[in-house]
Structure formats: C-alpha cells, structure tokens
Amino acid sequence: ARKVPVAELRGQTITLSNFGMFAGRFAALVVVPPQVAILGAGRIWQRPVVTDGKLANHRILPLSLTFDHRAVTGGEAARFLKAAIEDLEKPQ
85 ARKVPVAELR GQTITLSNFG MFAGRFAALV VVPPQVAILG AGRIWQRPVV TDGKLANHRI
145 LPLSLTFDHR AVTGGEAARF LKAAIEDLEK PQ
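Going by the working numbering, 89 is the number at position 5 of the sequence shown; the sequence numbering is gapless.
Keep in mind the hints are simulated off the structure, nothing from the lab.
There may be inaccurate statements among the hints.
[Unchecked claim] Here are the computed distance ranges between Cβ atoms for each label pair:
hint, residue 1, residue 2, range
1, Gly-108, Val-133, 33 to 41 Å
2, Lys-166, Lys-87, 26 to 34 Å
3, Gly-108, His-153, 22 to 30 Å
4, Pro-89, Gly-137, 52 to 60 Å
5, Leu-100, Val-134, 29 to 37 Å
6, Glu-173, Ser-101, 14 to 22 Å
Glycine included, each C-beta is placed from N, C-alpha and C at the ideal position.
Take these sequences, add in the hints, and give me the full structure.
Laid out in structure tokens, this is it:
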C-alpha cells in the first residue's frame, strides 16, 4: 500500500478519498490527525429521477463526510457538505 509521510500532510485540513474507484458506495472514513475532516466519494451509479415532471437517468455520486468534533461543529460540517454538493451539481 502507498503511504504518505505525516510530514507531507502538515498544513492540510481536509482529505479527499476516492474509495469508490475500488468498491462501495459509502465508507466509514477515519480522520488522520492533523486533518480535521475527510470527504469520501463512493462509486457513481445511475438512478431514475423525476425532475420538472420528467423521468431521466441521473448519475449519483454518494459522499461520506467524517470530521473531528473538537475542531468542527456539526452545523459547520453540514454547511461544508451542502456547499460541496452544490458545487458538484452546478459547477461554475
């Protein structure tokens, strides 16, 4: 397995994990200090969704967020996740 030395993680606050490329939609992610959060992207899958009265196949990207409650409140984490979802749904 590849390993990143802790010294290379210094100064970072959030890790992005693309565990979906291997398997699974969701994961129980572990925050590795000094990080304060980890956002994981699961395997993309298709699902029928009704939008504006029309049925269409949409790609769904499941996200998992784990954070350290000592550094981030639940509200802050929820706002971060909401902003990330909005950016993914409507990139600028």
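Could you check the structure against the hints above and give me the numbers of any it violates, in ascending order?
The structure breaks only hint 1.
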